[in-house]
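Colleague: So you can see what is in the structure, the chains are spelled out below.
Number of protein chains: 2
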Amino acid sequence: MNGFSRLNLAIDVMGGDYAPYEIIKGAIEGCRIYDADLTLAGDKTLIKDCSEKNNFVLDGIKIINSSDTVFMDDSPSGVLKYKKKSPVYLAAEYASKIDNSAFLSAGNTGAAMACALFNMKRIQGVFRPAIAIVIPLGSRKFVLIDGGANTEVKPVYLQQFAIMGKVYCREILKVKDPRIGLLNVGSEEKKGNEITRESFKLLKESKLNFVGNVEGRDIFEGAADVVVCDGFTGNILLKSIEGMAGFFFGEIKKLFLSNFITKVSSLILKKYFKSMKKQFDYEEYGGALLLGVNGIAIISHGSSKAKAIKNAVRVARDSLNNDLINKISSEING
Amino acid sequence: MNGFSRLNLAIDVMGGDYAPYEIIKGAIEGCRIYDADLTLAGDKTLIKDCSEKNNFVLDGIKIINSSDTVFMDDSPSGVLKYKKKSPVYLAAEYASKIDNSAFLSAGNTGAAMACALFNMKRIQGVFRPAIAIVIPLGSRKFVLIDGGANTEVKPVYLQQFAIMGKVYCREILKVKDPRIGLLNVGSEEKKGNEITRESFKLLKESKLNFVGNVEGRDIFEGAADVVVCDGFTGNILLKSIEGMAGFFFGEIKKLFLSNFITKVSSLILKKYFKSMKKQFDYEEYGGALLLGVNGIAIISHGSSKAKAIKNAVRVARDSLNNDLINKISSEING
Chain D
15 MNGFSRLNLA IDVMGGDYAP YEIIKGAIEG CRIYDADLTL AGDKTLIKDC SEKNNFVLDG
75 IKIINSSDTV FMDDSPSGVL KYKKKSPVYL AAEYASKIDN SAFLSAGNTG AAMACALFNM
135 KRIQGVFRPA IAIVIPLGSR KFVLIDGGAN TEVKPVYLQQ FAIMGKVYCR EILKVKDPRI
195 GLLNVGSEEK KGNEITRESF KLLKESKLNF VGNVEGRDIF EGAADVVVCD GFTGNILLKS
255 IEGMAGFFFG EIKKLFLSNF ITKVSSLILK KYFKSMKKQF DYEEYGGALL LGVNGIAIIS
315 HGSSKAKAIK NAVRVARDSL NNDLINKISS EING
Chain E
15 MNGFSRLNLA IDVMGGDYAP YEIIKGAIEG CRIYDADLTL AGDKTLIKDC SEKNNFVLDG
75 IKIINSSDTV FMDDSPSGVL KYKKKSPVYL AAEYASKIDN SAFLSAGNTG AAMACALFNM
135 KRIQGVFRPA IAIVIPLGSR KFVLIDGGAN TEVKPVYLQQ FAIMGKVYCR EILKVKDPRI
195 GLLNVGSEEK KGNEITRESF KLLKESKLNF VGNVEGRDIF EGAADVVVCD GFTGNILLKS
255 IEGMAGFFFG EIKKLFLSNF ITKVSSLILK KYFKSMKKQF DYEEYGGALL LGVNGIAIIS
315 HGSSKAKAIK NAVRVARDSL NNDLINKISS EING
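Residue numbers (the working numbering), protein chains in the order written: chain D, 15 to 348; chain E, 15 to 348.
Please keep in mind that the hints were generated in silico from the structure rather than gathered at the bench.
Hints are not guaranteed to be accurate.
A pair holds if it fits inside one copy or across any two, identical chains being indistinguishable in the list.
No more than 16 Å apart at the CA atoms, straight line, and that leaves these computed lysine to aspartate or glutamate pairs for EDC-like [claimed, not checked]:
1) 204 x 88
2) 288 x 265
3) 205 x 166
4) 168 x 208
5) 284 x 265
6) 321 x 57
7) 204 x 166
8) 291 x 265
9) 204 x 87
10) 284 x 51
11) 188 x 31
12) 321 x 43
13) 58 x 73
14) 155 x 265
15) 268 x 235
16) 277 x 51
17) 205 x 87
18) 205 x 88
19) 292 x 88
Given these sequences and hints, build the entire structure.
Modeller: Set out below in structure tokens:
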């Protein structure tokens with residue numbers, strides 16, 4: 015015994031490009047490594063078939079059978095209204111009812127957020143939950159908040175995002191006094207739009223370790239540990255980073271394949287590039303946390319494989335062990 | 015004679031990290047290659063000294079002597095009010111008064127935009143000028159508009175940005191019927207914020223070749239030839255692309271320097287990586303165009319060297335030869 019509570023992970027096994035196989039695989043592996051109980055929400059027959067075929071041992075694992083299916087173009091409100099028997103809803107609902115639980119989905123992001131918020135509710139005092147995601151850049155990683163939950167914001171929301179991001183960065187990434195940067199188009203206080211100008215003032219007056227505005231360029235140079243922005247900008251940034259990394263590694267691949275000499279060189283350099291690529295690996299953190307809901311809610315990337323899910327279990331366990339939700343609550347209300 | 019008018023370039027030689035040397039060098043070279051007249055605005059003594067030291071031939075080149083200096087933290091309105099004898103103001107003023115001219119500055123962006131707009135005025139019917147910039151990604155390049163002129167926008171502004179970006183893409187990049195994408199957080203019409211939703215409607219109803227919403231990921235996969243967004247998002251995206259490219263190539267360099275084997279490989283691969291790096295070379299297009307002002311105004315990157323300035327002269331010449339300003343005017347008012 016380590017004195018910590020045992021995590022119970024409730025997972026939507028039907029969401030994600032590689033569901034259910036990779037999701038179940040990652041969940042079982044993660045819960046074994048990180049010593050957690052597991053609840054799978056999804057089509058029971060499919061779960062059993064998949065497990066049998068792949069020798070997944072389901073002993074001690076709870077299964078919640080779903081009868082609704084959520085599609086990628088389902089609206090969040092539609093899922094809440096008409097699909098309460100869907101895996102994503104059932105997993106969130108279950109997680110909201112039992113202690114020491116976490117909810118995870120790699121499916122329709124809007125639906126996952128809605129189900130988490132609807133079932134778990136907000137932490138008292140929180141205006142809007144926000145998506146916090148670790149952008150992996152080797153040693154220069156940072157937490158981006160909001161990654162897409164709120165396309166419209168107010169300065170007080172951004173101030174809370176900063177607080178929640180700080181707690182996450184401190185408790186999970188173990189950065190002692192996280193430097194908070196406000197994503198903006200210039201470093202001067204007066205730069206940006208009305209919302210950033212007002213947010214700058216709030217952050218400057220707060221007790222946060224606020225390092226001021228950070229620009230698109232600065233964040234890749236380690237200017238801040240937590241980068242705060244609205245969910246519109248954050249989502250575009252997030253996906254651009256992903257798109258650009260994909261483009262880069264695609265170009266390198268093309269380069270290596272271009273002739274005999276480059277092909278030979280690529281064999282020599284392969285392992286180095288592999289470790290470089292790993293620095294951009296979003297799977298390392300398994301997903302984004304929806305901070306501000308009264309429970310641990312993880313939204314994983316649609317293309318998550320078992321490794322991402324396994325790592326998401328680690329993040330969920332760390333969140334529980336470090337009492338993340340209560341710490342956010344006390345910092346928001348303190 | 016090619017039947018085209020001869021360009022007269024008026025350039026602020028004091029703006030930019032490598033001013034005046036690289037600016038003068040690039041301007042002289044560009045005007046020689048692209049057959050243009052040249053007007054240099056800046057400290058006359060400094061221009062003459064720099065030219066003498068570097069064997070720049072100033073014959074036939076007009077010099078406008080400045081007596082004010084613009085700094086990077088000068089506010090645009092301050093420059094307009096108190097620094098009318100600054101190189102950036104004088105160059106814009108001169109360009110606004112003579113035919114077939116273009117204005118160029120690599121200095122304080124806000125000041126350059128303000129001087130261009132104040133002197134050249136808006137094209138009739140244009141609500142707000144916007145920065146159009148080519149994002150070079152090899153064969154997948156696209157025009158981003160607005161790159162930072164307007165941190166607050168209305169849907170009708172975005173509609174005009176799309177029109178101006180289209181004309182630029184068609185006339186300068188020679189894309190026949192440019193595909194217009196609206197930068198957004200999802201592909202569905204209802205995604206995003208109030209402004210993007212309203213803009214989507216306007217663009218859909220227009221005669222533009224509108225391909226719908228494009229996400230941060232899509233733009234690196236060639237989803238659109240013109241990517242339309244507000245200047246806040248655009249500027250953050252622009253600088254992020256730059257920051258990420260810098261980070262990426264920095265990591266490759268580190269990788270190559272890590273041991274003997276990688277050092278040897280790097281010698282073999284050097285030229286391939288050089289050509290890959292060239293695909294991301296913003297200097298290829300020499301700068302951004304401020305579209306919507308009644309004249310050719312180019313805002314070059316602060317770190318521009320002679321090559322960028324030389325290429326900017328080409329873009330200015332192409333803009334003139336293709337009657338860019340009148341075509342924008344007729345499409346905006348047509």
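Colleague: Kindly indicate which numbered hints from before are broken by the structure, ordering the numbers from low to high.
Modeller: Going through the list in order, the structure violates hints 6, 10, 11, 16, 19 and respects the others.
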